[in-house]
Amino acid sequence: CDSLLVTAITAATEKVKTKRRENRFRNRNGLKSVLDEEVLLLTQQLLSSNPDFATLWNYRREILLHLETVRSEDEIQRLYEEELSFLEACLKVNPKSYGSWHHRGWVSTRLPRPDWARELSLCERCLSLDDRNFHCWDYRRMVVRVSGVPVDQELQFTDRLIGSNFSNYSSWHYRSTLLEPPTSSACSSPSTSPQTHSHRVCEEQLLKEYELVQNAFFTDPNDQSAWFYYRWLLGRAEREEMISCVYVSREGERVVVAFSRPVNALSVGLLLVVDGQPQQVNWRSAHPRLRHSPMWICDLPPGTISDTSNEHNLTVHWTERHTHRDCALYTGRSESWCRDSATDLELFRSELSVEKSSVLQSELQSCTQLLELEPQNKWCLLTIILLMRALDPLGYEKETLAYFQTLKEVDSMRTSYYSDLCSKFMIENTILKMEYAEVRVFSLCEKNLSTLCHLDQLLLVTHINLSSNQLLGLPPQFAMLQCLEVLQADDNAIENLEGVYHLSKLEEVSLRNNNITQLSDLKILTTCPRLARLDLRGNPITQIANIQSQLAELLPSITELLL
Amino acid sequence: MAADNLPTEFDVVILGTGLSESVIAAACARVGQRVLHVDRRSYYAANWASFTFNGLLSWIDDNKQGGQSPEEVLDWSGKVESGEDILPLSTMDTSISNLEVFCYTSEEPEEDEEEKKEDATPISTLSPAPQSEGEEGNQATSPTDNRRNHEGETTLDILSESPPEQQDQEECAPLAEDQQILSSDGEPQGEEQLSGSAPTQAKKKKISYTKIVKEGRRFNIDLVSKLMYSRGLLVDLLIKSNVSRYAEFKNVSRILTYRQGKVEQVPCSRADVFGSKELTVVEKRMLMKFLTFCLDYEQHPEEYQDFTERSFWEFLQNNMLTENLQHFVLHSIAMVPRETHTEEGLRSTQHFLRSLGRYGNTPFLFPIYGLGEIPQCFCRMCAVFGGIYCLRHSVQCLVLDKESGRCKAVIDTCGQRISCSHFVVEDGYIREEQRKGVEHKHISRAVLITDGLLLQSESEQQISLVTVPPLEPGAPAVRLVELCSSTMTCMPGTYLVHLTCPSSGSAREDLQPVVSRLFTKPASAGEEGDGSDERPAVLWAVYFNMRDSTAADRSGYDLPGNVHVCSGPDAALGSDHSIRLAQEVFRQLAPHEEFCPPAPNPEDIVYDGDGGQGEGAGFSEAAQAEEGAAEEAEESKEKEASQESSPVEVGEMPDPPPAPLAEE
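Residue numbers (full-length UniProt numbering), protein chains in the order written: chain A, 1 to 563; chain B, 1 to 664.
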């Protein structure tokens with residue numbers, strides 16, 4: 001029986017091939033193509049045993065398009081309706097056939113009198129059999145868009161699907177796309193805060209969503225779908241793209257521009273104007289490995305601003321965003337900066353909404369309640385941490401650290417992730433404290449840091465202390481600390497100094513008790529011309545014979561070398 | 001086969017067509033034994049039977065008429081050889097008692113007015129009455145067209161004459177046949193059509209008794225009310241044996257309970273808990289946590305070991321469950337009395353939960369056309385494998401071998417001697433003398449025809465299990481099953497309600513209090529109901545007690561070792577007891593044979609000389625079927641594991657779906 005089938009299929013394939021060849025031949029010779037129903041029938045036979053044969057679908061479309069030109073509308077309608085029933089049969093063979101779904105979408109749009117209700121019910125049927133069939137979800141979205149199904153109706157549809165199985169993230173995700181107004185309108189809305197703009201859902205709907213999602217995670221707190229949706233609901237505001245800081249160094253004849261988000265300055269139309277004169281400058285990122293960077297640097301032509309008796313007005317234009325920032329370098333000053341006075345809210349909380357704190361507070365309460373019932377639930381713990389961060393990052397610091405500890409215990413597979421996340425939050429907190437204190441000294445001692453981030457915020461820092469953490473290296477982003485003079489990073493496990501790159505003011509580096517083993521690891525320090533003091537005590541490198549002379553040779557500027 | 005020229009030798013003679021007997025018959029025939037299956041009644045399934053309304057009325061009459069004079073005592077001496085003894089069987093069925101019928105709906109003018117409106121008086125009250133024996137000669141009937149054959153109707157008639165049923169039939173057909181894919185929500189569609197002819201709730205059209213009688217054959221009224229646990233022994237057996245192909249099923253759609261004077265929905269599945277509006281989020285968590293624990297409570301003995309000597313009720317209280325959660329778990333999920341021991345309660349809860357999600361959102365299935373279908377399905381399987389059936393035919397006595405004390409043969413109603421090596425008999429045929437050591441319990445039953453759902457919902461087509469906890473201390477918990485017209489058990493616009501509880505008094509004493517709380521009487525002709533009472537009205541009701549012989553121990557019967565007694569239905573919700581019993585008996589009958597192996601498709605069985613496909617085709621098919629069942633079981637397991645039960649096409653249950661669209 002099988003062999004019979006194979007023979008039949010082979011024969012039919014051959015026939016189709018012949019037809020196609022003939023067709024091409026005729027096309028080439030200006031003859032009428034062979035686009036007839038015989039081929040339709042043949043391809044149908046083949047496709048019904050294997051609907052994933054894209055070429056055949058293409059051929060069918062060619063034929064159907066041809067027939068459209070020679071048949072009456074009623075005939076075409078009938079033809080396409082037959083096509084739709086044939087497609088149903090194909091979808092039964094393979095409900096996830098790309099070809100069938102695509103062809104169905106095509107036929108639906110070609111149909112003179114489409115029956116969208118029928119298509120919707122087909123989708124519903126398929127989704128009831130497999131609620132994660134993304135082909136069907138896609139097709140449904142297409143049908144909804146084309147036939148203009150109202151959002152309310154679609155929301156009810158997701159209600160139903162979520163009601164029958166709330167673990168299906170497809171339904172939640174579809175819901176989020178329905179709730180979210182088109183991005184463009186949200187952006188242009190003037191009512192949003194100047195610093196951030198969010199794609200918010202109206203408050204009443206939002207409260208309903210909170211209730212729905214809470215029902216889900218109280219029913220099954222281990223189900224991630226609801227938690228992910230909850231994270232989405234709590235907000236995902238993004239900082240506005242802007243120039244957050246312009247720094248000018250007279251001595252280095254250098255301008256540093258910091259942005260609120262990583263950009264590629266080479267392609268965004270960055271224009272520097274000094275005292276009304278546009279400057280031809282080359283923008284470079286802090287480190288060659290950073291092609292998208294929140295910080296860009298340019299050197300001014302020698303002599304432009306070097307005279308301390310002159311006052312200079314600089315303007316950086318970001319032409320693509322129609323925004324700019326001015327910075328004045330006064331007489332006698334060696335450096336100057338102009339920065340955006342961002343509050344903590346705008347700096348770091350944007351990840352979790354700019355929602356009213358009363359709402360966040362009550363969400364925090366619900367989650368805490370759930371945590372009492374499920375003290376081991378990682379999703380709940382993580383959400384609580386995020387809510388606390390959004391509400392009061394400094395005030396909840398102690399609790400946050402404790403929850404991180406629990407998280408690492410209950411979800412040991414992700415310890416490193418939690419460490420990194422915790423490091424990020426600790427750095428943010430320290431930055432906030434520094435902002436309030438308005439100092440340029442930054443200390444992150446004994447914070448259990450496993451990673452460094454937000455380094456673009458540290459542009460103006462002159463002294464940094466990273467001692468007693470678990471750092472393995474100083475990443476390329478470290479090069480954004482353009483004003484750094486003293487680096488202390490004792491008692492870590494640093495092997496890699498990649499980020500200590502072209503720090504023109506760096507004078508002192510202390511790396512006691514780290515993991516620097518080879519001379520080549522230190523080669524990068526040659527890019528820091530002012531480096532005078534280097535402490536390498538307690539590193540494996542000190543065991544190398546002749547290391548002192550080798551180092552002196554490598555770094556001639558160093559006057560004080562501790563080994 | 002005519003009853004008067006039956007073969008004189010069988011391996012097994014089975015008397016009574018109840019569930020256990022029918023399963024035994026099928027199992028024996030399946031492994032090649034010669035089976036004679038007889039029942040003195042004119043219908044299949046004994047006390048498991050389902051009747052049309054008229055059929056039920058005549059059943060009531062039969063049980064009412066009392067002492068039909070027993071058969072003349074024949075002289076059997078001619079059939080008996082020396083060294084043999086006679087053991088007569090009972091000729092009377094005394095299993096039904098306290099039968100009372102009430103009619104609350106008006107019997108239209110054309111009817112004889114023996115009954116008047118609201119003040120319903122018992123039409124008949126009777127004490128145990130003997131069942132008449134089929135006097136008009138013994139007819140053998142073939143169980144292959146057995147559906148309600150005592151009514152002289154065949155299924156075909158019903159289907160061709162009533163389009164709505166036909167409609168529903170299609171809806172129940174296995175999915176993916178063809179074009180099915182488009183009738184996406186086939187169910188609601190079908191229901192709309194069905195209910196289209198039914199009176200809407202807002203304007204309750206009065207349904208007269210005449211109408212009920214006229215539409216009577218749309219009813220399939222079960223004598224016992226049971227549901228099938230999706231992972232119970234019965235469902236497993238139906239799948240394993242392929243007997244399921246003879247029946248179609250619907251999911252029970254709701255689990256309800258009566259609490260604080262209200263009927264409300266019990267959240268039992270994950271989706272229910274999620275969707276429940278009554279529970280707070282904390283309650284949801286507590287309930288889910290508890291239910292998750294119950295699912296594999298054996299793995300966590302530390303959780304309940306302090307309570308092994310104490311009651312489940314105390315255990316629940318100790319588990320931080322709020323009062324309504326305690327109610328739900330105890331009465332509606334475990335369905336046990338308060339004093340039940342903790343471990344038993346946990347086991348019951350687990351049984352319930354394990355059945356969830358296999359075919360739908362509740363753990364239960366109900367066979368379309370009523371529970372009486374199930375024994376008949378097994379009879380049919382037996383007949384397919386050569387079993388011989390005779391209704392209105394009984395065994396008068398057993399012939400015992402004096403020396404061995406074993407039953408050698410039986411003498412049937414016609415006086416014919418039929419030898420057999422085993423005799424299986426329903427408890428009701430055993431004379432009092434032989435069961436002195438047996439104590440019987442009783443089940444209290446009520447069957448109501450009502451005009452509305454106990455709990456309104458979007459769809460009028462709901463099959464609900466309602467648990468009513470004891471209304472006062474000491475009273476039994478009552479179980480209601482409310483069936484809608486799409487189960488083919490009642491006519492559109494009406495509902496068939498079964499009430500069941502273990503008896504403490506007469507059925508009416510036990511059940512009337514529950515009925516009067518949950519239902520009203522229809523408004524009388526002149527006055528219109530003011531609409532304040534949302535309870536459905538009872539149109540017609542019957543109460544009766546049925547003997548429950550399941551507690552009987554085999555040793556209580558004074559019978560030869562090769563005579564096996566099957567008990568009738570018990571009060572439990574599932575049918576596990578009967579299946580287990582059938583399995584035990586079968587093991588004694590055929591110790592080395594498999595119990596109900598998958599049967600091949602009838603169409604695929606190749607008989608000798610049929611030619612064509614060659615031998616063994618039937619068997620390879622059987623093997624495939626087995627695979628299919630295994631696959632299906634596997635699939636359901638996955639389903640449960642991920643708790644992703646999609647609503648199941650009823651009727652598709654036994655067969656692996658031809659092209660499962662839901663393949664993950």
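Treat each hint with caution, since some may be false.
Restricting the straight-line Cα-Cα distance to at most 25 Å, the calculated cross-link-like pairs of lysine-lysine (DSS-like) are [claimed, not checked]:
(1) A:408 with A:447
(2) A:408 with A:424
(3) B:277 with A:208
(4) B:521 with B:214
(5) B:289 with A:408
(6) B:402 with B:436
The hints are simulated quantities; they were obtained by calculation from the structure and are not laboratory data.
A quick look at each hint next to the structure:
no.: 1; hint: A:408 with A:447; verdict: holds (16 Å)
no.: 2; hint: A:408 with A:424; verdict: holds (16 Å)
no.: 3; hint: B:277 with A:208; verdict: holds (13 Å)
no.: 4; hint: B:521 with B:214; verdict: holds (21 Å)
no.: 5; hint: B:289 with A:408; verdict: holds (23 Å)
no.: 6; hint: B:402 with B:436; verdict: holds (21 Å)
Hint violations for this structure: none, all hints satisfied.
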